[in-house]
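Number of protein chains: 4
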Amino acid sequence: MTYTPDFGSVQPIDVLNLKSLEKRAEAVIGRGEFGYISEGSDDGYTKARNTTAFNDVQMLPRVLQNVENPDQSTKFLGSSLASPLMTAPIAGNTLAHSSGELGLARGAKEAGIMMAQSTFASKTIAETAQVSDGAPYMFQLYMPKDWGYCKYLLDEARNAHASAIILTADSTLGGYRELDVINHYHLKGKIANLAGYNTGESGAGAGSLFKESMQKLNLGLIDKLADYSGLPIFIKGIQTPADAAAAIDAGAAGIYVSNHGGRQLNGAPGSIETLPGIAKVVDHRVPIIFDGGVQRGTHVLKALALGADLVAVGRPFSYGLALGGWQGVKSVADHLKMEIYIAMQLTGCQTIADVKKMHVTYDFSR
Amino acid sequence: MTYTPDFGSVQPIDVLNLKSLEKRAEAVIGRGEFGYISEGSDDGYTKARNTTAFNDVQMLPRVLQNVENPDQSTKFLGSSLASPLMTAPIAGNTLAHSSGELGLARGAKEAGIMMAQSTFASKTIAETAQVSDGAPYMFQLYMPKDWGYCKYLLDEARNAHASAIILTADSTLGGYRELDVINHYHLKGKIANLAGYNTGESGAGAGSLFKESMQKLNLGLIDKLADYSGLPIFIKGIQTPADAAAAIDAGAAGIYVSNHGGRQLNGAPGSIETLPGIAKVVDHRVPIIFDGGVQRGTHVLKALALGADLVAVGRPFSYGLALGGWQGVKSVADHLKMEIYIAMQLTGCQTIADVKKMHVTYDFSR
Amino acid sequence: MTYTPDFGSVQPIDVLNLKSLEKRAEAVIGRGEFGYISEGSDDGYTKARNTTAFNDVQMLPRVLQNVENPDQSTKFLGSSLASPLMTAPIAGNTLAHSSGELGLARGAKEAGIMMAQSTFASKTIAETAQVSDGAPYMFQLYMPKDWGYCKYLLDEARNAHASAIILTADSTLGGYRELDVINHYHLKGKIANLAGYNTGESGAGAGSLFKESMQKLNLGLIDKLADYSGLPIFIKGIQTPADAAAAIDAGAAGIYVSNHGGRQLNGAPGSIETLPGIAKVVDHRVPIIFDGGVQRGTHVLKALALGADLVAVGRPFSYGLALGGWQGVKSVADHLKMEIYIAMQLTGCQTIADVKKMHVTYDFSR
Amino acid sequence: MTYTPDFGSVQPIDVLNLKSLEKRAEAVIGRGEFGYISEGSDDGYTKARNTTAFNDVQMLPRVLQNVENPDQSTKFLGSSLASPLMTAPIAGNTLAHSSGELGLARGAKEAGIMMAQSTFASKTIAETAQVSDGAPYMFQLYMPKDWGYCKYLLDEARNAHASAIILTADSTLGGYRELDVINHYHLKGKIANLAGYNTGESGAGAGSLFKESMQKLNLGLIDKLADYSGLPIFIKGIQTPADAAAAIDAGAAGIYVSNHGGRQLNGAPGSIETLPGIAKVVDHRVPIIFDGGVQRGTHVLKALALGADLVAVGRPFSYGLALGGWQGVKSVADHLKMEIYIAMQLTGCQTIADVKKMHVTYDFSR
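Protein chains in written order, with the UniProt record's numbering: chain B, 1 to 366; chain S, 1 to 366; chain G, 1 to 366; chain U, 1 to 366.
To be clear, the hints were calculated from the coordinates, so they are not data collected in a lab. Since the structure is predicted, the reported quantities are computational estimates derived from the model, not experimental observations. Be aware that one or more of the hints could be misleading.
Said to hold, decoys possible - Covered stretches of chain B, as calculated for chain U (at least 3 residues, CB under 8 Å):
#: 1; stretch: 48-62
#: 2; stretch: 75-83
#: 3; stretch: 308-315
#: 4; stretch: 345-356
Each residue gets a CB set at the ideal place from its N, CA and C atoms; glycine is no exception.
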C-alpha cells in the first residue's frame, strides 16, 4: 500500500535552546493537548528532577587534547547515526502537528538520528515506514492483551525494518496527571495501528488505551516477543540495577533507562540519578538507551559519560514538530548537535568513545 | 442510649489532590478555626518539613513484576482494612463540620479504613461508636489528671469496641501556635467526653484542656492503662529509637510515630525522617502507625516501605469533612486509595507486603 | 556618685516572636541607627546563616519522661539565673532607646537573666551598676590602646560587681557594613566610659572607636587582664577549637562562641555550626557562652544541647528596648522563657541539665 | 613607536561592592556589548555557581594572633605586587571604555597589581606596554593557526616585558552564549594585534576570531612556545588535577585554574570547587593563578587558602573601566584591597603566607 505522505505545513525554526520551545509550542497547540504533552504526574517532582538532576552531575573537562572538529557520529544496532540521539517514542503526534509520526520520521531521517515510533502513534507503522524508508528506526510496544494484535504489530515492525522492539514496562496503567483532570482532557483521535489491525474500523479512543494494554507484564514476555519477531527486545522503564540484571538474564537485548518523562510514577529519582548504578550492572553486555529531562548538549554528554549509548529526547521534538513540522524536528536535532559539538570540543573529546570515557562527578548514589 | 445521628449537609467532593483541599476548606471554615486546624507551631518548620522530607525519600520501582489490579487491603489489629489508612485523631471536629466525629466515623467506615477518635472530640465515644458500629476504630487518650475520668474514657472505649488505646505522649502542654495568637483564637465548644463524664454539665472549654490533662507522663502508665482497659496500648508521639524501645519494654503494644503534625515541638525532623531508625529498633515486635505530612499515595508507599504498618492522615480528612461531611471524608480516602493503587502498580507491588519490601533510598540518618 | 536613673518611656510589649520585633522597631528607630543595629557585614551571609543553621540541628524529643513544670533556672559564675539567657553586649544602646544600658540592665534584672555591658555603652559602668545593683552582670572589654584607660575600665567593672570580664577578640577593626555606607551613617553619641575616664570631657565619637582600640591582641593579654582585675576572663569571638584550646591554656576562665552577629567577618560558618567542635575541645573545663542568630526557645535548647552554658541574645533585646524601654526588654525575655518552657516540656527535659544531655543531630562538621 | 596614550574620560568611582557595579555599568555600555561581557554560556549554571560556590567554603577565623595592619603584598614571578590580584585577560576592552587596555593597564599599575592582556585586546601589545612600562604584566595567548603571527605576538610580549605567557586552553571554540543570539550581537571592532601583524590592514572581525585560532591544541605546544619566547608558559583553563599534572610534566611553568568565567563549557563545577584537588597535585611545584566568580575580599582569601598564588578578577574590572576609565579600575582594585585588609585582620592573618595556611572547610570534593 503506497500513498503520498502529507507533511502539512513545514518550516525550519529558530531554536534558542530546547527549553524555550515549550512556551512557543503552547501557543500553537490546544490547551488540553498541550497539557497532556507537557505534564508530569502528581505534583511533577520527578519530571522536574529529571532536568535539575543534571546540575548535580559535573563534567571535568580536559584541555590540550588535540581535538579539532569533534565527530559525534556513532553506531547503534548496526545503524550509522550522525549523533547519538533518538526521538523518544511519544504517543499521538498529531496532537502536535497534522503530519504526526510522518513528520517525526522525516525530521529524524534528515537529521541522521534514530526514530522510535509508539504503539499509540497517530500513523500506522506502514505509513511511517514509507517515510522512514530504511533510516534508523525502532518500534515501541505497549503490550496488547490480544496476542493476535501483538503479532500484527510485530509483523508490521519487522516489515518496517525496525532494528529493535522497545517493550515499555513502566506503564501498565497511566500515571495520575492532574492537568488532564483540570482540563477535562481525554486523549482524542484514533490509534492508527489498532485501526489498521481492525481492518479499517475506527479503533479504540485514548480513554480505553490501557484497557487494550496488558497489565501482568513479566520477564517471560521477553523471549516470547523475541521468538516471534526475531528482533532484539529492549526493556523501557528500567530504573534499578536489579531490573536491568533481571531483564538481561531473561533475554533482553538492550536496556532503556527511563521514568517515562516523569509522567508515570512520581517520587522516583531523576532518571540520570539511576543511570550509573544500572550501567555498572549492565557492564556493556547490552546497549543502553537513556531518556529523562534532556535539554542540552551537555546533558547528552553527561548521560553518555554515565553509561548511555543512545540518548532519547521526547517533548522538545514534539514542540519542534508543532512549530515547524518535519523541518522543526530537524531544527531541534540540529541545535542539539551544535551544542553537542561545542561541548565535545570544550571537554576535550574527539569522538563519542572519548565522551564515554570522560570523568564526571555526581552527588547521588542510588 | 440510642439516638439518630445527624450527619448534616453532605456531598461527595472532587479531589484533585489532598493539598488542594486546604484552600477550598479555608473558604468554608471560620478564620480562627481554620487557623487552629491548619497551623504548625513556632515558625512552622517541622510542619512544612513533614511533607517536603518525602521528596528526600526515593522509591526505586520494579518492572515486569507480573502485577495486575494491586490489592491494598491489609489487616491491622485483627481488623480488615480496605487500605492501610487511618483518620488521625483530631480534636473538635465540629470546628470543620456540624457532624464532627460522626462524619469522620461514617466516612472512614464507608471507605473501609481505620478511624481514630480523640479524647477532645466534639462527640462522645458512645455517639461515635453508634455510627462506627464495629468498624475498625481506635481511641486516642489525652491522659486526664482525674483517674476516675480516665477510667470512664477507657470504659467507654472498650464499650465502643476500640481495638486499642492510643496514648498521646507528645502533648503534655500545647505547642506555641502563633496563628491562634494573631487570631485571638481560643478553642471553643464543649469537650463532649468530659461533658458526658460530668453527667451532662457543661465541660471545660478548650482553654483549660491542658489543665485537665496530666503532665507527668511516664512509662509506668502503660501497664496501668493496659491493666484497667484490657486493651493494647499504643504510644503516640514517638520520634526516637530510644523511646520506641523503652515503650515496648514497658509494655506498649504498638508505636505511633508522629510529631503531631508539627503542631507541638518545632525544630524536630520531618516525621518520615525518624521512621527508619525507629522501625529498625522495633524490628516487627509491635505494629507501627505513622503520620506526618502525608498528602500523596506515594507518601503512603514510602512510609510503608520504611517500616509503617498503618498510615494516618489528619488535616486532609478535616478538610474533606468540612467540604462534604462524611461523603467528603470518603472522597478523600477514595482519592488516596486511587493514588495508592496507581503507585503500587507502577512500583511493581501486588500487595501491601510487597510495598513493605520495596527498596527506597533516603538522604537522612537520624 | 548617686543619681536617679531615668528610664524614659516604658511599656510592656506584645511579643509574637522575636523575629517580628525587627519590623516594629524599624518604625521607631532612625534609619541610620536601625541600619547600624540590624546589619551584617558584606552581603550578610554569616548573619543570615546564624539563624538558618539552626534548622540543620534537629532535636530528638523524648516522651514519657515524667516531666512537669520544667525548671529552666541555672547557675552561672555563682549567679542564680531564672533562665540560661544573657543580653549580649551591644554598643550604644541609646541608639534604640533613651534609657540605653539602664533599660537593658533593669529589664535583665527583672527577668532574672545575665546582663552584659559593652565598653562602648551609652552609659557608664557606674550608672549601669546602680541599676543592676548586684544582679548578674558581666563587662565586655574592647581592649583600649591606653593601659590607663583599660585599668580604669577594669576598676569600674570590679566596683560594679562584674562576675567576669569578656574580652572581645574578633573586632580588632570593624567589619565592612554596607548599610552604613549607603546611609552615610557614622555611629553618633558619646562613649560614656571614655568620657568618664576623661573626667567629663566629651569622649571620642564612634568614628574613632577602633583608633582607641588595640589591634595587636594576643594570648598574653589574658593573664595581664586577670592579674590586674582579679576577675575571670572570657574570650569572645571564638570560632575554632584551636582558639578555644589556646585561650584556656593561656588562662581564659571561659569561652564565648560568637561571630559577632555576623557583623565582623563574613563568610564564616553560622555560629551554631562551630559550637560542637569547640565544646568537645573545651570538655567542661570552663563555661561556654554562645550567641549567634538566636530567635527561638528551641534555638536556646539546641545551643545548650550542643555545649553552651549560657545563651546570649543581641538585636532582639535592642528591639524590645526600642519598643518598650526596660519593660520591652523584660517582655522579650519573658517570651523567650515561655518558648523555652514549652520546648523543655515537649523534649522531655525537667531541668537545664537534662537539656544539655538531649540528643541532637546536625548536618555539619567543622 | 611612541604615542601619547589617550585615557578618555576618567573618574574615581564609589564602589559599594563589586557585584553592584554590574547594574551601573549596564547603563553606560551598549546592550549587545553588555550582554557579551556579562553573559555565561548555555543557561549560565557554571557562571552563577562560580560565585555561589564560595558560600560552601567556610573560613575558620583565628583570634588573638597579634595581627595589626595586615600586609597583603606578595611576590609573583619576581614582581612585587601590592595585593595578590590580577586583571583577568579580557578581550576587546574598548567595548567597555574608549581607553580599552590602556585604562586597564594604568589602573592595574596604579593599584600595584598584575595586568594580563588578551590576544584579542583592543590595543596592541606595544601600546599597552607603553602604559604598563615595566609594571607587572602577563600576556594571554589564543594560539593562532599562523605560526608567523604567533611568533609576532610572542616577540611583542617579550618586548613588553611580559613575565609570562598565558596559553588559554579552554577556548578552542566559543561557548554557546544565548544573549548574543538574542541581541543579534557579533563582536565588533578590530583585533589590534592582528591588525598590527597585518602591518596596518584592518584585521579580522570578531566573527572570525576562532577561525584565526587553532583548535588542535596539545601538550607539545608548551615547549614550542617556551622555546621560542624564552618565557614561562602558564596554561589557562585547567579544571582537573589530571590536566594540571600533565601540563607540568609537559613543561608548563604555571597553572591557571579557570572555567573562563562560565563563558565556555557550561555544566562544569564552580571554579573554586576544582581548586583544592588541583593544588594538591601541583604541590607547590609551580605557581597557581585562579579566577572564577570572585566578588569579595573573602573570596580572595578563600582562593589563596585553597591553593592559589594569584587571584584574577574579570568582569568587575571591565565594569570599573566602563564607569571611570583607569581610575575606575583602580577604584575596584582599591575596594577589593580594603575588603582583603579587613578579612585578613579578622581571620588573624598578618601576611599572605598566613592566609595560605588558614584552615577552611568545604562541602565538595572533585
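Check your understanding: So which of the earlier hints does this model not fit?
Key -> 2 and 3
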